[in-house]
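> What follows is the residue order along each chain.
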Amino acid sequence: MNWGWQMIRGYAILVYLFMFLPVAVVVLLSFNASQFGSFPMTGLSLRWFVELAQNDAILRAFRTSVVLGLMTAAISTTLGVLASLALVRYRLPGANMISTLLIAPILVPEVVLAVALLLFLNFLGVNKSFALLLFGHVIFTLPFVILVVQARLVSIRRDVEEAAMSLGASPLQTFFQVTLPLMMPAVLAGALFAFTISFDDITGTLFWKPGGVETVPTQIFAMLRNSISPEINALGTVMIVMTVGLPLLGAAMARSLSRKSGA
Amino acid sequence: MSVEAREARQPWILLSPALTAVGLLLFVPLMFIVVYSFWLRTATGADVAGFHLDNWAEALTDAFYRDILLNTLKIAAITTAVCALMGYPAAYFIARSQGNKALLLLLLMLPFWISYIIRTMSWINILGVSGALNGMLLWAGLIQEPIQMLYNEVTVILGLVHFLLPFMVLNIFVSLDGIDTTLEDAANSLGATRWQAFVQVTLPLSLPGLAAGGLLCFVLGAGTYITPLVLGGPTDAMFANLVFEAIITQLNWPLGSALSLMLLAVLGTLVVIYNRYLGMAQLMKGLG
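Protein chains in written order, with this note's numbering: chain V, 161 to 423; chain W, 21 to 308.
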């Protein structure tokens with residue numbers, strides 16, 4: 161190991177610290193016993209988590225976010241998996257063009273997407289509502305689902321399906337008994353991705369949400385207007401556990417699923 | 021219908037729900053705001069349909085909008101440059117590490133999964149008047165009074181770098197990881213120093229990843245309005261803040277449409293130039 165490599169390593173460690181320290185401080189401060197969301201810490205306590213669990217506004221926001229995230233994941237994943245199947249399984253004229261069209265929602269700045277959708281649906285008579293939020297989240301998460309699912313579908317070999325068909329399975333049987341189980345890790349990964357992105361979104365959500373309805377990120381944003389409270393840090397800790405814990409759990413599940421199915 | 025014809029139709033049936041969604045929820049709405057940007061906001065609050073150039077005249081000639089657009093591009097450019105300077109060595113370290121590459125990459129990607137608003141506000145805990153840094157400086161006796169380090173352009177850039185760095189690292193890593201390391205060895209054996217080998221062999225080969233990461237950082241950075249609201253001061257508004265103001269606060273939808281389209285035109289041009297020279301495949305590799 162030469163000194164050049166040591167320097168790169170030291171630099172990389174600093175970059176890691178830069179990424180993690182602020183987040184670690186959020187978690188640390190959420191256990192602070194003090195009234196104020198700040199240093200010095202006066203002791204460890206779970207009181208902010210208890211307050212969190214009793215805060216109606218936050219609980220409502222949490223429910224909204226979870227319902228929105230689940231519905232977004234269900235719709236986005238369905239659309240995304242069907243589209244990915246077409247792109248991966250068939251030789252399509254203009255496949256590149258179609259891919260670019262389908263990922264266009266992430267190439268357009270989210271603010272512009274938010275404005276266009278809000279104004280157009282309002283013109284059609286759909287006011288700011290849960291439906292508008294759902295449409296917005298679906299269109300915004302769809303490209304990510306397609307990218308993730310496509311990347312995993314490529315590795316599923318077609319000859320397994322051909323074997324099932326040649327042994328007398330109908331196309332429908334083949335799909336449900338062979339293809340779908342093999343696709344499950346990809347489907348789960350796509351759904352998790354969609355859920356986390358939806359759960360985290362604030363840029364579009366602030367445009368689409370009706371007055372009085374808050375998701376967790378917009379609720380945090382509204383609370384930040386006053387000052388940073390230990391409660392926000394506690395909520396941040398819960399969010400971190402959800403958005404980091406869930407994908408890790410999902411990755412572990414996907415791995416064990418694909419090991420079982422022998423892929 | 022023949023079997024071939026049915027076979028040929030199947031992919032289109034699979035694609036139609038997604039294509040319909042993107043068409044109806046993205047492309048038609050985009051065309052709609054082009055039309056809307058020529059409508060007129062009236063004193064009574066109703067928007068009048070028609071072909072009026074007023075919004076465009078205001079958006080394109082008002083020095084206020086131009087200055088904020090330029091400032092937005094400047095902030096996005098600085099953010100991108102800082103991300104590249106911080107991200108390249110980190111990505112290089114991960115790609116060339118003897119240890120568990122996947123774990124090292126996962127660690128740096130973890131913040132990517134942590135909520136954007138949480139990561140943004142986390143800096144208040146560090147830099148705020150009662151934050152960690154002030155606490156340490158006071159404790160060390162270096163300052164007598166807490167200093168307000170927040171709510172300026174530097175903290176906006178800091179917040180953006182913290183948000184966008186994982187995109188940069190991931191894209192550079194994908195590029196570096198695909199380079200055959202024996203190329204560098206070959207350069208060395210031909211007499212190049214390690215530094216020369218890096219500059220003349222590895223760096224050029226990793227440029228597509230750097231460009232993909234740079235494009236993502238720039239476009240995402242230039243389109244943000246949350247970071248300036250949380251970490252910026254009253255004068256640190258970015259262009260997307262103007263859009264938000266026009267649409268949500270002033271309810272001036274025609275003007276908001278024109279401003280959105282201006283932002284789309286500027287950032288879209290970059291995406292098109294990128295696509296022309298490097299293609300979307302590299303970008304998809306980094307995202308997928």
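Bear in mind the hints are in silico, worked out from the structure with no lab data behind them. Here a beta-carbon is modelled for each residue, glycine too, at the ideal position from N, C-alpha and C. Hints may be right or wrong, so weigh each one.
Unchecked claim - Below, computed lysine to any residue pairings styled on SDA-like, alpha-carbon distance capped at 20 Å: (1) Lys288/V - Thr269/W; (2) Lys121/W - Leu242/V; (3) Lys121/W - Val175/V; (4) Lys94/W - Ala411/V; (5) Lys288/V - Leu271/W; (6) Lys121/W - Gln166/V; (7) Lys121/W - Arg220/V; (8) Lys288/V - Gln270/W; (9) Lys121/W - Lys288/V; (10) Lys288/V - Asn272/W; (11) Lys288/V - Asp67/W; (12) Lys288/V - Leu50/W; (13) Lys121/W - Ile173/V; (14) Lys288/V - Val48/W; (15) Lys94/W - Val175/V; (16) Lys121/W - Ala411/V; (17) Lys94/W - Arg415/V.
Unchecked claim - To list a few chain V residues with every Cβ distance to chain W over 12 Å, as calculated: (18) Thr224; (19) Val226; (20) Met231; (21) Ser259; (22) Leu277; (23) Asp319; (24) Ala323; (25) Phe336; (26) Asp360.
> Name the hints, by number, that the structure is in violation of.
Checked against the structure, the hints that fail are numbers 2, 4, 7, 9, 15, 17, 21, 22 and 26, while the rest are satisfied.
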